[in-house]
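The whole structure should be built from the sequences, with the hints applied where relevant.
Respectively, the protein sequence lines represent chains A and B.
Using the numbering used here, the first residue of the first sequence is number 848, and each one after it goes up by one.
Using the numbering used here, the first residue of the second sequence is number 503, and each one after it goes up by one.
Mixed in with the good hints there might be a few duds.
What the hints assert, rightly or not - Each computed DSS-like pair below joins lysine-lysine, with the alpha-carbon atoms no more than 30 angstroms apart: (1) B:Lys766 with A:Lys945; (2) B:Lys687 with B:Lys504; (3) B:Lys619 with B:Lys504; (4) B:Lys619 with A:Lys945; (5) B:Lys624 with B:Lys687; (6) B:Lys712 with B:Lys624.
Said to hold, decoys possible - Partial chain A-side listing against chain B, Cβ under 7 angstroms, derived: (7) Leu955; (8) Glu1090; (9) Asp1168.
Bear in mind the hints are in silico, worked out from the structure with no lab data behind them.
Ideal placement from N, C-alpha and C gives every residue a C-beta, glycine not left out.
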Amino acid sequence: MDVRVRSPVEVCSVLRDAVIGIPRYLSYYSFAPLYETFFRELGFQVRLSPPSNTDILDAGVRETVNDACIPIKIFHGHVAAIKDRVDFLFVPRLAGAKMHYTVCPKFLGLPDMVRGSISDLPDIIAPRLPMGRDGLQGLRSLYRTGVRLTGRRVQAMRALHNARRALGRRINQIQQGGLEALGFDQPRDADLTVALIGYPYMLYDTLASGGILGQLRALGVRVVTPEMVSTREMRRHARAYPENLFWYYSNRSLWAGMHYMTSGLADGIIHVTAFGCGPDAMVNKLLELESARYGAPFMAITVDEHTGDVGLRTRVEAFVDMLRWQAARKEGLT
Amino acid sequence: MKVSYAHMGTSVMAVNALARTLDYEIVPPTPPTESTLTLGVRHSPEFACIPFKIVLGTYIESLERGARLLVSGGGRGPCRAGYYGEMHRRILLDLGYEHEMLFFWPPLRSPLDFYRKLRTFKGAASWPRVYRALRLTWEKLMALDDLEIRSHRVRPLERCPGDTTRAFRRALGLVDAAETVEETKKARSGGLELLDSVPVYTGDPDDLVKIGVIGEIYVQLEPFANFRLEERLGELGAWVQRSIFLTNFARTDILQRGDQGVAKTAAPYLPENVGGHGQSSVGEIIQYAERGFDGVIQLAPFACIPEIVAKSIVPRLSREYNIPVMTLFIDEQTGEGGIQTRLEAFVDLLRARRRGRKDVDDAALSGS
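Take a look at the structure:
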């Protein structure tokens, strides 16, 4: 009942090679292999929106309700960028899997926000994807979407199976290979490691992050992110931290932050957050309080639609300088 | 141990009664003021919503006055308010206040946890005593709601501006002073009489502009947060109906997961409960439109996530149901003058629409 596609079977019996549009933003950064493999295996063409750029941001700012956070605006921009070139638009509804886990309300209402804000949309495919503590839990509604679109159960099952395996492979690659597996180079002989904490759509999207990954690389700093923390470690911190934040992405940020603060695997922590992000107002304050407790160097960077990369670079440089200075002082003392 | 809690409109009277009946020494929270807000803003995360900031300010004021135990409650997401207890606790500890925080989750979602906390809270009081305390609280809540509903009907017709508000304040005093269920019942009827004695213009109440108020609970219920919106609208001659009253809130949101009827109405536009009152806001716009209201005002704190989701659906609802909706997002920068101007303009617009519709109707009648 959550899949609100109007008579998709008839549409697709004509259009065997329908084009499914996937906005290259938000949950795409977590589940890209799942989404892409699934629709390709079903026999559809997949069209991604272009990587985030200023046109997309401008369109998003124009279309979206003005109080929304930057990521939601960018997402709307991605939708506007491909909506006229696809037969279906894929806007998954991330939701809570269990009583104590859920996601930010904007993910819960994402397809409805898009429908309310942008006119002349193609049919939207909006399966409800339940998020638990460790990630996606159950893909029944994705399977149902597949069945509805193609009318073939076996094919949908196989597509889902392969899609899930593709996602699993990807997650393993990232956990073992680090940022290189995501296509970001790391400096060879880095003397510092900085933990970059934030949501995948903030860190790996060059527009949303203000290019902070590139800046850190240019400064010769190795970067680790929440995606490099194993599920086991995440669970350990989930247990150690008494109060569950209940949003999937925010919990991951918090646990990963705690991991890097307590394990000594990072010399400093940078929290990248979006202007207007509600859950991050909580995460940021918690990380700030915890970093003071553990004596971990901590900086928060808020990205908005006006963030110039010069201002960002100055702050990142100053932070890295401080870390190096601190390291040198420690060495001098011993 | 001296106990205190957040201040949310008139409900504080009922909560005072509850704590007093359970033999607590209470530090009754004072109504928030500008300095409360300033205090809250100083120590809150920038993007926390205004209820978070006002409540934090209230807590600090109460702690300064000697409170040691803070009692609050909230859901378990997806609205941020579910984490506010924990967040407040940590911020207050960081500020160096020694206190305990008792944060209640909805009873039916985590019954065991609720029971444990209730047992801590009741202290030495016996269960029958707790029952009597709750009974009195409930009676007070009902009386407060009835008085408020009546004041909304009387105010737009009052002859002398401010009479209703004065009578209403006096009626609240009666309820506050009541110490038993019987006294509360008496206070309620006495208060209603007070309100009915306000001199009013005679006229057809159907001619009044009818405005529905929807949105987030705290800014709806705390007059300081909404700049006494209902009073202002009433004095502009509009009959206001609010979507949230404490008694219906207690029934639908504390004991269940929101109003199922409203959720059903909202489903074609927003099938998912997005936390807070987001889905209700969508459903209630439709309900107000179907009941022939002239307009709707959506009240929400700045950066309130559920209401932002609702707001992005508002233009579509407004178009499809032909009902004007004005959204007021309130933050620490919001000024009284700005609100007053917008309300006046909105009421003017609704009047003009109403006249326009009547003219069209008259023309249709004379034409036939």
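Here is what the structure says about each hint:
1. The straight-line distance between the Cα atoms of Lys766 of chain B and Lys945 of chain A is roughly 22 angstroms, inside the 30 angstroms bound, and the hint therefore holds.
2. At most 30 angstroms may separate the alpha-carbon atoms for a hinted pair to count; Lys687 of chain B and Lys504 of chain B meet this at roughly 29 angstroms.
3. Simply put, Lys619 of chain B and Lys504 of chain B have alpha-carbon atoms about 17 angstroms apart, close enough for the 30 angstroms limit, and the pair holds.
4. Restraint check: the Cα-Cα separation between Lys619 of chain B and Lys945 of chain A comes to about 23 angstroms, which is no more than 30 angstroms; the hinted pair holds.
5. Restraint check for Lys624 of chain B and Lys687 of chain B: satisfied, since their Cα atoms lie roughly 25 angstroms apart, inside the 30 angstroms limit.
6. For the suggested pair Lys712 of chain B and Lys624 of chain B, the alpha carbons sit about 43 angstroms apart, so the restraint of at most 30 angstroms is broken.
7. At a threshold of 7 angstroms, the smallest CB-CB gap from Leu955 of chain A to chain B is about 5 angstroms, leaving the interface hint in force.
8. Contact between Glu1090 of chain A and chain B, as hinted, is supported at the beta carbon level, the nearest pair being about 5 angstroms apart and thus within 7 angstroms.
9. With a least beta-carbon distance of about 26 angstroms to chain B, the hint placing Asp1168 of chain A at the interface is violated under the 7 angstroms criterion.
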